[in-house]
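K.L.:
Based on the provided sequences and hints, a complete structural model is requested.
Going down the list, the sequences are from chains F and V. The numbering of the first sequence is this note's numbering, which starts it at 1 and goes up by one. The numbering of the second sequence is this note's numbering, which starts it at 1 and goes up by one.
If you're looking for bench data, these hints aren't it; they were derived computationally from the structure. Note that CB positions come from ideal geometry on N, CA and C, so glycine has one too. A portion of the hints provided could be inaccurate.
Stated by the list, open to error - The calculated lysine-lysine pairs, modelled on DSSO-like cross-linking and capped at a C-alpha distance of 27 Å, are: (1) V:K124 x V:K51; (2) V:K124 x F:K43; (3) V:K101 x F:K268; (4) F:K268 x V:K124; (5) V:K101 x V:K51; (6) F:K23 x F:K41; (7) V:K213 x V:K124; (8) V:K213 x V:K223; (9) V:K223 x V:K124; (10) V:K51 x V:K271; (11) V:K124 x F:K41; (12) F:K197 x F:K218.
Stated by the list, open to error - Quick look at which bits of chain F chain V covers, simulated, 3 or more residues with Cβ under 8 Å: (13) 99-107; (14) 142-151; (15) 249-255; (16) 272-282.
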Amino acid sequence: MSNTNVNTAAERNFTAEQVALMKQQYKKQNQLVATWRQFKKNKMAVFGLIVFFLMVIVAISCSFIFDYETDIVEQHIMERFQGFSREHPLGTDQFGRDILKRVLWGGRVSLFCGLGAVTISLTFGSILGAAAGFFGGYVDDVIMRFMDILLSIPETLLAISLVAAFGTSLPVLLCAMAVGQIPKLSRLVRSQVLTLKNEQFVEAARCCGTKNARIIFKHILPNAVGPIIVNCTLTVARSILTIAGLSFIGLGLQPPNPEWGAMLSEAKVRLIDYPYLIVAPGIAIILTVMSLTMAGDGLRDALDPKMRH
Amino acid sequence: MGRYIIRRLLQLIFVVFGISFILFTILSLTPGDPATLILGEAATAESIAAKRAELGLDDPFFVRYFSYLYNIFAHGDFGNSYRSGMPVFKEVFTRFPNTLKLALLTITISAVLGILFGVLSAVKQYTWIDNATLAFTLLITSVPSFWLGLMLIILFAVQLGWLPVSGGTDSIRGFILPAIAGSVGYMANTIRQTRTSMLDVIHSDYITMARAKGCNEKTVTFKHALRNALLPVVTLIGINIGWQLGGTIIIEQVFTISGIGTLMITSVRSKDIPVVLGCVTFVALLASLINLATDILYAYIDPRVKSSYTK
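P.N.:
Now the structure itself:
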């Protein structure tokens, strides 16, 4: 929103140096920079962020390194239940598939599901929440009462009923994970919009004749982005837990898909004889969820003006 | 107080309609013809048509919804299972005690330990105890309950042989491991909530006052601080019970406990929609009833809420 300040300064015939100085000062005040500075102080949060980025890199690059058909799902019955070795650092499972490769590929699946679910819930959550907060009155009542109802159904149950009705295809699963998060996000967006909609810059935009939709998406939501990102980070973590849980009980992604929950579900059958099968996928889930939680918590603290000196 | 309860009851009625409507809509969108499912693929067209009429499947959507709702509240009738032909209510109710036992034990563990750790962490703020508790909290929020369940089975059931591998229905011993596994997530949020509200309270004037008049630390912590800090924690525990009823589904699978969760999952696999709908609606309604009870209890124990309604 403050970009306009710099442009007008240039228009008022300031010299190039003065404009540069102003830009620099503006940068100093920039919320993003301030937030990042605060975020950096929190070692746990930075650690979480680094771990998460490493996972994203691994998730992206593993499709270049491994071939899904031959490395991930193809069965090698002769090599089953091998312990740790140079060829198979984490051993092989009951179908002779390399566990390390499957866990790495599973990260791809889990991150995709988490991010997909967040995208869906964020889209619907912010549209509904923004509409409720901005228009108030009946719109607000109808949307928020509906959200209250959705919120009163435990997430797992909602997801299971969707899966029961529409099957376990990926789009259905993404929606099943997202739908439980929509009420939380829309409540958050609504409260942000309520505090922002009476700000002067919104009034100014309205004076210029800006349309409601543009005010919401161009002026209000970008200013509410901090808390929303925090919530999204934690939502990704929760969604990864949910999809793993659903796959574990056989209502999520189906084997041979190397989703971590699905891997655990397969390993559960052989639990007593080959307990090592459950270690790697479980630790992968914990690491991902923990890194996201640490980063999210750190970001929340960094955005909290009370924490800033 | 009465006005508050009435208002909450009215809200509950609204929520009950909403929950049942959403779930009924979702599950009636299931592809496939129930009549064919009951009678099998080999049934004649006439018998399928007759069955459809008998089940009321040819009625408009809203007629079906309201008759479903009417049957629930007038007769406690959640319909019949497509597979076994048994009343859904009976199927749900024979399995409900196991789920309830597990949920209550889970919540007790998470509440007791959660409050204990939360208080400890707040009283010893910024010490290693606090840091260790927070790290522990972070760890247990990230552990999937079903994975922890598997690990507990390996350690306590297989290696040490202390407790049974699967959740026995007769003795409480079979519920200990499932309850521990299920309680971690709720314990984490109880610790966080207790710590936050204890920290809020601990810096207020009446705590300084209590110390100034010479109360010992134990009395200050448990009699003055904790009693006031517990209010939001009570609400959280109430919400947790409701959620836990839904959350036992996965834990029941790990320990093969015959509860509502197991029933629900077998019904999803066999496309037995009335049973799924019955289970989900039953648990969701129960969860909102528990929430209502918690809110009323909260209003009852918090003089501030109480006074705002007794004017």
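K.L.:
Determine for every hint whether it applies to the structure shown.
P.N.:
The hints, checked one at a time:
Under the criterion of a C-alpha separation no larger than 27 Å, the hint pairing K124 (chain V) with K51 (chain V) is inconsistent with the structure, at around 68 Å. A C-alpha spacing of about 22 Å is found between K124 (chain V) and K43 (chain F), which places the hinted pair at or below 27 Å, so the restraint holds. A distance of roughly 24 Å separates the Cα atoms of K101 (chain V) and K268 (chain F); the hinted pair therefore holds under the 27 Å criterion. Taking the CA atoms of K268 (chain F) and K124 (chain V), the gap is about 41 Å. The hint is violated against a cut of 27 Å.
The hinted pair formed by K101 (chain V) and K51 (chain V) fails the criterion: a straight-line CA distance of about 39 Å is larger than 27 Å. The suggested pairing of K23 (chain F) with K41 (chain F) holds, with an alpha-carbon distance near 25 Å, which does not exceed 27 Å. Our distance criterion of 27 Å between C-alpha atoms is met by K213 (chain V) and K124 (chain V), whose separation comes to about 22 Å. Of the pairs offered as hints, the one joining K213 (chain V) and K223 (chain V) holds, with about 14 Å between alpha carbons and a cut-off of 27 Å not exceeded.
For the proposed pair K223 (chain V) and K124 (chain V), the alpha carbon gap of about 17 Å is at most 27 Å, so the pair holds. Straight-line distance between C-alpha atoms of K51 (chain V) and K271 (chain V) comes to about 17 Å, which keeps the hinted pair within the 27 Å bound. Using a Cα cut-off of 27 Å, the hinted pair K124 (chain V) and K41 (chain F) holds, with the two alpha carbons roughly 23 Å apart. The suggested pairing of K197 (chain F) with K218 (chain F) holds, with an alpha-carbon distance near 12 Å, which does not exceed 27 Å.
Under the rule that three or more residues need a Cβ within less than 8 Å of chain V, the assignment of the segment 99-107 of chain F is violated, with 0 such residues. With 5 residues having a Cβ less than 8 Å from any Cβ of chain V, the segment 142-151 of chain F passes the three-residue criterion, so the hint holds. Counting residues of the segment 249-255 of chain F whose beta carbon lies closer than 8 Å to any beta carbon of chain V gives 3, which reaches the threshold of three, so the coverage claim holds. Given as covered by chain V, the segment 272-282 of chain F passes the check, having 5 residues with a CB less than 8 Å from a CB of that chain where 3 are the minimum.
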